[in-house]
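> Each chain is listed here by its residues.
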Amino acid sequence: MFVLAGVAVFVLLWEGYKIVGSQDGTVLFGVRVLPRADDLSMPHLWTVLQRLGRPELTGGRPVWIVVLQACAFTFGITAVGFLIGAFVGLLLAVAMQQFRLVERGLLPYVILSQTVPLVALAPLVAGWGGTIMPPWATVAVIAAYLAFFPVAVGMLRGLQSPATSGVELMRSYAAGWWRTLVKLRFPASLPYLFPALRLAGAAAVVGAVVGEISTGTRGGIGRLIIEYSREATSDPAKVYTAMLGAALLGLVVAGAVSLLEVPLMRHRRHVEVVTL
Amino acid sequence: MRRFRIFTSIAAASTLLLAACGTADQDKTAPAASGGALTPIKLQLQWFYQAQFAGYIAAVDQGFYKEQGLDVQLLEGGVDIVPQTVLAQGKADYAVAWVPKALASREQGAQITDVGQIFARSGTYQVAWKDSGITSPAQFKGKKIGNWGFGNEFELFAGMTKSGIDPGKDVTLVQQQFDMQALLKHEIDAAQAMSYNEYAQLLEAKNPATGKLYTPDDFSIIDWKQNGSAMLQDAVWANTAKLSDPNYQAQTVKFLLGTIKGWAYCRDNPEKCRDLVVAKGSKLGKSHQLWQMNEVNKLIWPAAGGIGVVDDAAWKQTVDISQTTKNQTGDTVLKKAPEGQAYTNDYINQAITQAKAAGIDVNGTSFQPETVTLEAGGA
Numbered sequence: 001m002f003v004l005a006g007v008a009v010f011v012l013l014w015e016g017y018k019i020v021g022s023q024d025g026t027v028l029f030g031v032r033v034l035p036r037a038d039d040l041s042m043p044h045l046w047t048v049l050q051r052l053g054r055p056e057l058t059g060g061r062p063v064w065i066v067v068l069q070a071c072a073f074t075f076g077i078t079a080v081g082f083l084i085g086a087f088v089g090l091l092l093a094v095a096m097q098q099f100r101l102v103e104r105g106l107l108p109y110v111i112l113s114q115t116v117p118l119v120a121l122a123p124l125v126a127g128w129g130g131t132i133m134p135p136w137a138t139v140a141v142i143a144a145y146l147a148f149f150p151v152a153v154g155m156l157r158g159l160q161s162p163a164t165s166g167v168e169l170m171r172s173y174a175a176g177w178w179r180t181l182v183k184l185r186f187p188a189s190l191p192y193l194f195p196a197l198r199l200a201g202a203a204a205v206v207g208a209v210v211g212e213i214s215t216g217t218r219g220g221i222g223r224l225i226i227e228y229s230r231e232a233t234s235d236p237a238k239v240y241t242a243m244l245g246a247a248l249l250g251l252v253v254a255g256a257v258s259l260l261e262v263p264l265m266r267h268r269r270h271v272e273v274v275t276l
Numbered sequence: 001m002r003r004f005r006i007f008t009s010i011a012a013a014s015t016l017l018l019a020a021c022g023t024a025d026q027d028k029t030a031p032a033a034s035g036g037a038l039t040p041i042k043l044q045l046q047w048f049y050q051a052q053f054a055g056y057i058a059a060v061d062q063g064f065y066k067e068q069g070l071d072v073q074l075l076e077g078g079v080d081i082v083p084q085t086v087l088a089q090g091k092a093d094y095a096v097a098w099v100p101k102a103l104a105s106r107e108q109g110a111q112i113t114d115v116g117q118i119f120a121r122s123g124t125y126q127v128a129w130k131d132s133g134i135t136s137p138a139q140f141k142g143k144k145i146g147n148w149g150f151g152n153e154f155e156l157f158a159g160m161t162k163s164g165i166d167p168g169k170d171v172t173l174v175q176q177q178f179d180m181q182a183l184l185k186h187e188i189d190a191a192q193a194m195s196y197n198e199y200a201q202l203l204e205a206k207n208p209a210t211g212k213l214y215t216p217d218d219f220s221i222i223d224w225k226q227n228g229s230a231m232l233q234d235a236v237w238a239n240t241a242k243l244s245d246p247n248y249q250a251q252t253v254k255f256l257l258g259t260i261k262g263w264a265y266c267r268d269n270p271e272k273c274r275d276l277v278v279a280k281g282s283k284l285g286k287s288h289q290l291w292q293m294n295e296v297n298k299l300i301w302p303a304a305g306g307i308g309v310v311d312d313a314a315w316k317q318t319v320d321i322s323q324t325t326k327n328q329t330g331d332t333v334l335k336k337a338p339e340g341q342a343y344t345n346d347y348i349n350q351a352i353t354q355a356k357a358a359g360i361d362v363n364g365t366s367f368q369p370e371t372v373t374l375e376a377g378g379a
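Residue numbers (our numbering), protein chains in the order written: chain G, 1 to 276; chain C, 1 to 379.
One thing to keep in mind: the hints can contain errors.
[To be verified] Below, simulated DSBU-like cross-link-like pairs (lysine-lysine); rule was C-alpha separation at most 35 Å, straight line:
hint, chain 1, residue 1, chain 2, residue 2
1, C, Lys169, C, Lys316
2, C, Lys206, G, Lys18
3, G, Lys18, C, Lys185
[What the hints assert, rightly or not] Not everything, but these chain C residues come out facing chain G in the computed CB check (under 10 Å):
hint, residue
4, Glu187
5, Leu202
6, Lys283
7, Ala376
Think of the hints as simulated: they come from the structure by calculation, not from any bench. No residue lacks a Cβ here, since even glycine has one placed at the ideal position from N, Cα and C.
Based on the provided sequences and hints, a complete structural model is requested.
Now the structure itself:
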């Protein structure tokens with residue numbers, strides 16, 4: 001319901017702006033503050049939908065099939081990147097929680113890693129393609145590089161969240177590091193893990209799309225966006241079909257991550273009962 | 001135990017996902033089969049497959065490289081892939097790159113040499129609306145001039161400087177996107193365009209006033225070839241250090257011979273080469289690719305000195321402009337004249353001799369461009 005309402009609001013805003021907005025956009029003091037509303041810049045949404053149904057090229061497959069296939073390809077890359085990233089993030093969080101020295105030494109670099117521009121990193125990683133891994137895997141590495149960060153930081157916070165009394169209780173039971181981790185710290189960290197995973201999912205999508213654009217990896221939605229955007233001169237609706245695909249991909253990934261929550265939800269209720 | 005199940009379910013879901021991806025991607029990553037005693041070669045292109053690289057695609061498809069005992073794998077470019085850097089890092093055996101950009105990389109330490117100047121002429125235009133009256137760079141004064149930047153802008157800047165315009169003061173420079181919408185929307189007065197790509201995109205767009213496609217009569221072209229500020233573009237670059245190895249030398253001659261045959265084939269069979277490019281999965285349409293094939297042929301043929309031979313005068317002009325023309329930030333492409341072996345005709349001349357012996361027309365003196373009709377959207 002709410003999703004449909006959201007779509008309706010978007011459609012109203014888009015088409016509404018096309019009616020009231022100036023064809024040449026609004027320019028204030030030489031700076032364009034509102035975009036142009038003409039068909040070249042903002043094609044009608046029904047034009048975009050029609051474009052989805054028509055063939056990509058004369059005699060070719062319809063655009064929607066091409067876009068969906070590209071989405072499926074990028075979804076694969078995103079999933080691999082997300083899983084690698086989440087796993088690495090988890091390991092880092094556990095290491096940082098366990099050893100203060102590691103936390104102090106590593107955390108600044110974990111944060112620093114996200115300030116390295118992707119455009120500098122991508123060609124470097126792209127060079128691995130074809131030699132030590134297939135080209136699509138290099139894009140997954142880029143996705144993982146973005147995805148590990150929220151998990152590492154969020155999970156560290158979660159692992160540190162149990163109250164001192166809880167830790168002391170575990171100690172009084174003569175529970176070792178592993179037992180404390182599994183019985184106390186992991187369950188306590190779940191409320192932190194879930195939003196972190198959501199962020200990681202979004203980051204993995206961004207990483208996969210940008211990685212594809214950057215390295216020119218064929219088959220995915222990122223590559224499709226760049227190829228269609230070059231045709232924007234004569235076929236402005238086409239690039240929006242690819243963007244729709246990218247949006248769809250983001251939604252599917254967000255949905256998939258939410259599915260992971262289902263078993264966790266049961267647990268969270270359990271925690272609440274205990275704290276009450 | 002319940003907690004354990006949670007993590008097991010996550011792990012199971014992950015494994016399923018991984019497995020799904022593994023099977024889905026297999027057909028896309030088929031490794032290049034290297035049969036028998038063929039030498040594997042990697043050629044880094046500047047961009048996605050399009051007719052700009054038709055000669056190499058044809059040479060692979062028609063087996064011209066195989067005849068030479070080479071198994072050539074073409075590597076597509078991307079937004080952040082710099083061919084000459086890939087070559088200098090040893091991740092490719094040869095690369096296709098524009099001369100000024102490759103020379104700039106050379107100055108920063110890339111050990112590369114131009115061994116085959118496939119495009120003898122520049123394909124860069126500056127396109128304006130015909131009704132704007134702009135026909136020469138001198139008329140750019142006070143106008144909004146689109147350019148791509150990133151080292152693609154120096155022919156434009158040299159052309160303006162030659163006409164007495166200060167690119168930093170007399171014009172408003174606008175960073176252009178991949179498409180030509182800015183010109184169509186009159187946001188800029190003149191747009192940078194390649195004869196074989198962006199210019200064709202203009203002619204594939206519908207004129208909202210007439211409901212028909214724009215025609216060449218709607219635009220005026222400033223062609224840098226006629227303004228003395230053209231620079232050399234697509235060339236085959238090889239690794240300088242490896243060129244001292246007799247094996248790599250022999251391989252370079254073989255590679256260039258296959259390349260010559262490929263481009264000669266595309267000159268004589270533009271439609272077939274168009275089909276080869278389309279079959280490679282280009283997203284640009286058929287008529288667009290044929291237009292591109294035809295325009296690219298014009299940049300190569302006729303080749304008076306033989307295809308791929310570096311013309312001293314054109315090289316000198318390219319280097320001169322690279323050293324003297326300043327862009328808006330005051331930078332030149334090169335700080336000093338290229339040192340060492342920036343280009344050599346040794347290998348291309350050997351390849352040309354062999355090609356002639358095999359009955360290949362390496363000059364294309366009788367080459368006549370076609371008239372290509374573009375369809376809406378290039379389809």
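> Does each hint fit the structure? Answer for all of them.
Status of the hints after comparison with the structure:
About 28 Å separates the Cα atoms of lysine 169 (chain C) and lysine 316 (chain C), which keeps this hinted pair within 35 Å; it holds. Straight-line distance between C-alpha atoms of lysine 206 (chain C) and lysine 18 (chain G) comes to about 20 Å, which keeps the hinted pair within the 35 Å bound. Restraint check: the Cα-Cα separation between lysine 18 (chain G) and lysine 185 (chain C) comes to about 16 Å, which is no more than 35 Å; the hinted pair holds. Among the interface hints, the one on glutamate 187 (chain C) holds; its C-beta lies about 9 Å from the nearest C-beta in chain G, closer than the 10 Å criterion.
A hinted interface residue such as leucine 202 (chain C) counts as satisfied when its beta carbon comes closer than 10 Å to some beta carbon of chain G; here the least separation is about 6 Å, so the hint holds. Residue-level restraint check for lysine 283 (chain C) holds (minimum Cβ-Cβ distance to chain G is 4 Å; threshold 10 Å). This hint holds: alanine 376 (chain C) has a C-beta 7 Å from the nearest C-beta of chain G, less than the 10 Å allowed.
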